[in-house]
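Residue numbers (this note's numbering), protein chains in the order written: chain A, 1 to 219; chain B, 1001 to 1219; chain C, 2001 to 2219; chain D, 3001 to 3219.
This list has only true hints and no planted wrong ones.
A partial selection of chain B residues facing chain A, derived with a Cβ cut-off under 10 Å:
no. : residue
1   : Asp1032
2   : Pro1054
3   : Phe1073
4   : Gly1078
5   : Ala1164
6   : Ile1215
Bear in mind the hints are in silico, worked out from the structure with no lab data behind them.
Every residue, glycine too, gets a C-beta built ideally from N, C-alpha and C.
There are 4 protein chains.
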Amino acid sequence: MKQANTQAPSGNSEAQSPAGFFPLDRFNAFSDGVLAIVITLLVLELPVPPADAPVLPLFSENWVDFLGYFISFAFVGGIWLSHASLTKGMKRGDTVTLRLNLALLLFVALLPYSTHLMVLHMTGQDARAAVAIYGLNLFMAGLLLTVLLSHVARDRRLVVDDLADDRISSAFRQRRMYLAVNAVAVIVGLLAPLVAVGAYVLLSVAFIIQPLIGIWRKH
Amino acid sequence: MKQANTQAPSGNSEAQSPAGFFPLDRFNAFSDGVLAIVITLLVLELPVPPADAPVLPLFSENWVDFLGYFISFAFVGGIWLSHASLTKGMKRGDTVTLRLNLALLLFVALLPYSTHLMVLHMTGQDARAAVAIYGLNLFMAGLLLTVLLSHVARDRRLVVDDLADDRISSAFRQRRMYLAVNAVAVIVGLLAPLVAVGAYVLLSVAFIIQPLIGIWRKH
Amino acid sequence: MKQANTQAPSGNSEAQSPAGFFPLDRFNAFSDGVLAIVITLLVLELPVPPADAPVLPLFSENWVDFLGYFISFAFVGGIWLSHASLTKGMKRGDTVTLRLNLALLLFVALLPYSTHLMVLHMTGQDARAAVAIYGLNLFMAGLLLTVLLSHVARDRRLVVDDLADDRISSAFRQRRMYLAVNAVAVIVGLLAPLVAVGAYVLLSVAFIIQPLIGIWRKH
Amino acid sequence: MKQANTQAPSGNSEAQSPAGFFPLDRFNAFSDGVLAIVITLLVLELPVPPADAPVLPLFSENWVDFLGYFISFAFVGGIWLSHASLTKGMKRGDTVTLRLNLALLLFVALLPYSTHLMVLHMTGQDARAAVAIYGLNLFMAGLLLTVLLSHVARDRRLVVDDLADDRISSAFRQRRMYLAVNAVAVIVGLLAPLVAVGAYVLLSVAFIIQPLIGIWRKH
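Only chain A is shown next, with the shape it has when bound in the complex (with noise of 0.2 Å):
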């Protein structure tokens, strides 16, 4: 016998999300929908060589570019992996998380911007103000995604009943080093440009291909 339950299919309720909270299912959607964005306008800045010119000398001559649409696509990529476990842990949220959250998103939604510069200046003189920039772009993301799980992880009414404290000690681990590397990052940049991104393209090869190898030694 089916019961009628008209609170289900919109899950909204008092009991569930009392004043001050929110349900996830708005918040995921909305950090869904910037993160897919911003991932899929990184292909805009990608150069079509014109109708008359020959099509191959495109990776010689765009290699740059092709590196920072796998660069950024590889980092925003996992952004949102890395947004996608701590709401795996939450329940719901309040004010302050959706306001920071907001704060994370303006600098992700920045990464196409400086994504770009980069590639722009990467080989010319002023590569370092570029390629820190970049650095710093992506390390306010993982600042302010540090701050978010710091302000989730403090708060018993925003996380799941059964979640193990080592489980959020280990997500604190993790962020540390993952900031740690990334002000590394923003140093080297200013100093040999060069060898940050060439640390930036090594950690989106272990990122995106390892899983990759993984599989084809299993078959």
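Using the hints, position chains B, C and D against chain A.
Positioned in the frame of chain A, the structure of chains B, C and D alone reads:
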């Protein structure tokens, strides 16, 4: 006692959304989509210095563009937060809700345009018109959010069963205050455009950066 | 006592969506995504007066652009509303549903293009072709929505169990009327393009602004 | 017997998604977002005839652009359909699933770029390279979809409990056939690019238009 319900995943049932009413899932998803795209499109207006120009004058020369990005990100984020607060108290929508929401989104989707207009003319001779149009755009979005709230609050079939009356009154009070501030900003924009922009910056900082300071202090 | 329920969160179960059928969550999310992007891309066509030009002739010189924005926003919004009405009566989709939906979205995604075409040529010598192509685009989207409705209504496994037959008939009647109006508009567009545009404006005003007037009166 | 569950709306619970696993909601939302944006960005490549030029040569002069729009819309739509079929059989993902999915989306998000490349060079002297790169892009997306299927199918903790083995085998068979056709198209593209494009058109027509013919006949 609740019984297994094979239709719950799709959230669709005549019992749950009688004729003329709509479940909130698509209402929310569409609104989140539009708001996420609008907030992310803002970055497309930021100018990248050409390859042969130095990078660092970026912020001194293009500070208005970054200011516009910041303000509009904060205001669209604020509209999203108000919209999420509104639907948190709803259990379904009707056709009028959906059409009023489209009217709201029509003005929200104009914000990247009016931001660009304001930024381009803010330091020029026609700054008054540009800043006032931006303020009017914000005001119209705020007004339609209020109209939407007003429509929903009047119909008990749309709001969740346990929504307290004083939460509705408090929402109306907030919205009226926001509209009054907005109306004043439009008039100030016509007289002293940079003062209006300064007010937008203050409001944006309060919205985005203030929760960060709160977090900082708790440490 | 809470029972483990490993399948509910993903909403996936063979029992709920037998082979060849699909739950509606991704169908809706993808459609909402495309419709939200299409409706938001329209703003990219609006021309911003250059920094050294006055701002205010904006509306007198570019009124066709704003008109196009308004009309297409209203029509895409209307398509979204019809689509949401359709899926409200569905409990799942099959492969044909999903492919018909892609054909529908193919024409919906063309609307920013045909809007731009109409707006650019509306006051020129080739207005007839431009306005008729716009009308044809609207007609094709409307036709595919009708085909989709027709496919779904014929298969009892796709619609919710308690959907009344007269709601289906009423939906068909509405869709046929809409298609007839659309077909007439295409022909009128070929003979007197501005009359067709006028009709689009009237329909858009009725759709977006009329509920606002209703709200106003109730106060 | 299922008891009331206050956490269901957010779909988050350690019991439902143990450490290292992820609920599918954000996986689906992010993928739907990227795919919806990619499919909608395709329209930005279509050229609008300038205001003083006649409208109608549009289709005769720019037929390659419309062809590219149609083909890529169909293929991205097909990737979406395959992706939705895959997640229909899943109950959760793990970190590798999410990272493989990002690798898949990296190639999907490149499709507007390679479509533009193909369309611009299809009638030029370097058509072979352009068409082969397009085919390679499709092949890589198809390959990663197969890798993703292969990863998920191997881990019983990821698939829904009642998924029949023959449905998995049938999915693998379909994917292998698709990849084989794709590989042949890349080689044909290198030898006779227009033949490869012709094959893409046929496949797209079969995918998008054939269900329409099926509907027509039933009437």
